[in-house]
Amino acid sequence: MLNITPTREVKLERKIYGLSRRARITRNLTLIIPVMILALMVIMAIFTNLSWLGLPNVGLAPHDPDSGVIRDRYLPPAFMEGGKSEYLLGTDRLGRDILSRIIYGARISLSISMIVIFITAFIGTVLGIIAGYAGGRIDGFIMRVTDIALSFPGILLALLLAVSIGPGYWTVVFALSIIGWAGYTRMVRGEAMRICQSDFVAQARVNGASAWRIMLKHIFPNVINSLIIMMTLSVGMIILMESTLSYMGIGVTAPTASWGSMVSDGRSELDRAWWISAFPGICIGLVVLAGNFLGDWLRDKLDPRLRQL
Amino acid sequence: MTRFIIIRLLQAFVALIGIAVMVFFLVRASGDPMSLLANPNMSPEQYSAIKERLGLDKSWSEQFLIYMKDISQGDLGESLVKERRVIDMIKESLPNTLRLIIPSFFIAMLLAFILGIMAATYRDSLWDNGVKFLAVLGQALPGFWVGIMAVLIFSVHLRWLPVAGMSTLANYVLPVGTMVFFILPGMMRLVRSSMLDVLDSEYIKMARIKGLPERLVIWKHALRNAVITPLTVAGIIFVMLITGTVITETIFNWPGMGRLLIEGTFARDFPVVQAITVVTAVFVLGINVLVDISYAYIDPQIRYQKT
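Residue numbers (numbering that gives the first Met the number 0), protein chains in the order written: chain A, 0 to 308; chain B, 0 to 306.
Bound conformation, chain A alone (with noise of 0.2 Å):
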C-alpha cells in the first residue's frame, strides 16, 4: 500500500501559506538566543577592563584575572555551600577568580577566530575566484593544493609550527589561518564556476571587460552571500579548534588565561575543584552552539540551496 503520510499534506500547507505559528516562533527563537549569546560574548570582551580605550582601569571583570588572593584558592562557586558570593563561579589553585578570567578569555577566543575567519576567508575567496575563473590548469593547481590542506591533519601543522616558532596568540592565528582557507577555497570556486555560466559574465566579456573587472564586479559580489553564510558557520568551528590548541599548551602563554588552557588548568585538580575545567568548557560549547545555529539561520534565510539535509 502506498504510504502518504499527513506530514506530506502539512508540508505543503507550509508551502503555500508560510510556516505555521509554533514553526515561526521556534524559528525566531534560533536566531534570537543565538544572537543574545555572542552579542553577550562580544560585550565580555570589550568591555573586559576598559583600560584598554585609554579609560580608567574598570569593567566587567570582577578581579583581576592573572593574579589571586592565596587566602581564597579552590573556593567552590558561590551557589554551593563555602562558596563566597564575590567568586561567582569559584576560584583556582592561585586563588584566582574563575568568572574574570573567563571574561578575559573570552577576549583571546573571540579576537583570535575573527582574525582567523577573515584571513581565510579573505585567502579562500581570492584563490577560489581565480581558480573558478580561469579554469585549466589554474585551476587543477590550486585544487589540488587545497584537496591536500584539506585532508592534511591541521593539529600536526599546529604542533610543527609551535614548535619552530614557539607557542603563542600569532602562532595560533597563523596554524588556524593555514588550516582553514582550504574550505573558503572550495565553495567559493563552486560557485565562480557556476556564475562564470551565466548570462550576465558572458555579457560583460562581449562588452570586452577585463579579467580583473569580472571577477571583482561580477563574480565577487555573487558570492558574499555563501561567503557570510560560511564566515558564520566556522566561527564555532574556529572557536573549538583554537581552544582545542591552547588546551595543547600552544597558545597564549601562562598566566594569560584562554577557554582551552582553562580547561587544561583544571585537568589535574578534578578530584578537588571541578569548576576550575567545567565553565570555561561550557561557554566555549554555548559560543559553537551560538555560531552554528546563526550560521544554519542565515543560510536557510539567505540561501536554501545550501541547505543539508
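Keep in mind that a hint or two might mislead.
With a straight-line Cα cutoff of 20 Å, these simulated EDC-like cross-link-like pairs (lysine to aspartate or glutamate) come out [stated by the list, open to error]:
1. B:K57 x B:E44
2. B:K50 x B:E91
3. B:K131 x A:D295
4. B:K68 x B:E91
5. B:K90 x B:E213
6. B:K131 x A:E268
Worth flagging that the hints you see were computed from the coordinates, not collected in a lab.
Chain A is fixed; fit chain B onto it per the hints.
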C-alpha cells in the same frame, strides 16, 4: 583506469615531497635550528657534537639533499632528548595508538549507521530529533572537555572506571568513549543525510510500489546505496581520528603516537615531531589515493573528469 591510478600516485608523491620540504623549512623558520635544539646547560662540545650529527655544519643545499635522501631511505633521524632512533619510538607507540583508534572507529561507525539510518527512516520522530540533538551537541562541545568531564563523573565521583593505565578492558572505556564522541556526530549526520537522499530517489519509490516489505526497502535497497557517500569521506574520518587520538592520549596519558608527538613538541624534540608528521602524511595521502581509486572504480565519470 591504470592511467588514473598512476596520475593519482604521482600527485600523492609530489604532495609528500611538498610536505617534507615544508617541514624542512619550518624548522628553519625560527632562524638557526640549533636555537631550538640546544638547551642552555649544554657544554660547547655537546653543542658542536649535535650540530655535526645533524649535519647542520653543512650548507643549506647540502643539508636539504641529505635530508631528502634520508627520508627516501626511511631514515627518520634520531631523537635529541631520548637519544634513540625515532623510528624505534614510533614502532613502540604505534600499536598503542592502533589499540585506541581501531575499536573507536568500528564502534563509531556502527553507532553512526544504526542511529543515522533510524533517524532517516523515522524522520521528524522523537528518535530523529534525539539524534539531531546529539549531533548538534556533539559538534559544539570540545572533545577534550567531554573527556575530562567523563573522568570527573565516572572516575572521580562514581569511581567506576580507572583514569590511567591500559591493562584491563575497563581502561579502554573512557579513552575509546572520548574518541567515539569525536567521530560520531559528523558521521551520524552524514549517514542520515545520505540515507534521506536515497530514500527520496525513484528506485526506492519503485521498490515500495512493487510492494516490498519496508524492512527490505530500508536495509537492502536503501542502505547499500547510502553506504557509498560516508565511505568516500574516509580521508576526513582519518583526519578526525588523528586529531582525536592526539587529544585523547594527552587526557588519559595513553603511551601512543599522539603523546609522543605532544611530548616531542614541548621538549622541542624536532626530529620526533618531524618524523611523526611525515609518517602521518604518508598514511593520509595513501588513504586518500585509495579512496579516490575505489571511488573511481565505483563511478566511471570520475576517472575522466579529474585527470
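Do the hints match the structure? See the list:
1. B:K57 x B:E44: holds, 17 Å
2. B:K50 x B:E91: Status violated; Cα separation ~27 Å.
3. B:K131 x A:D295: holds, 14 Å
4. B:K68 x B:E91: Not satisfied, since the Cα-Cα distance of roughly 24 Å exceeds 20 Å.
5. B:K90 x B:E213: Violated, at about 49 Å.
6. B:K131 x A:E268: violated, 34 Å
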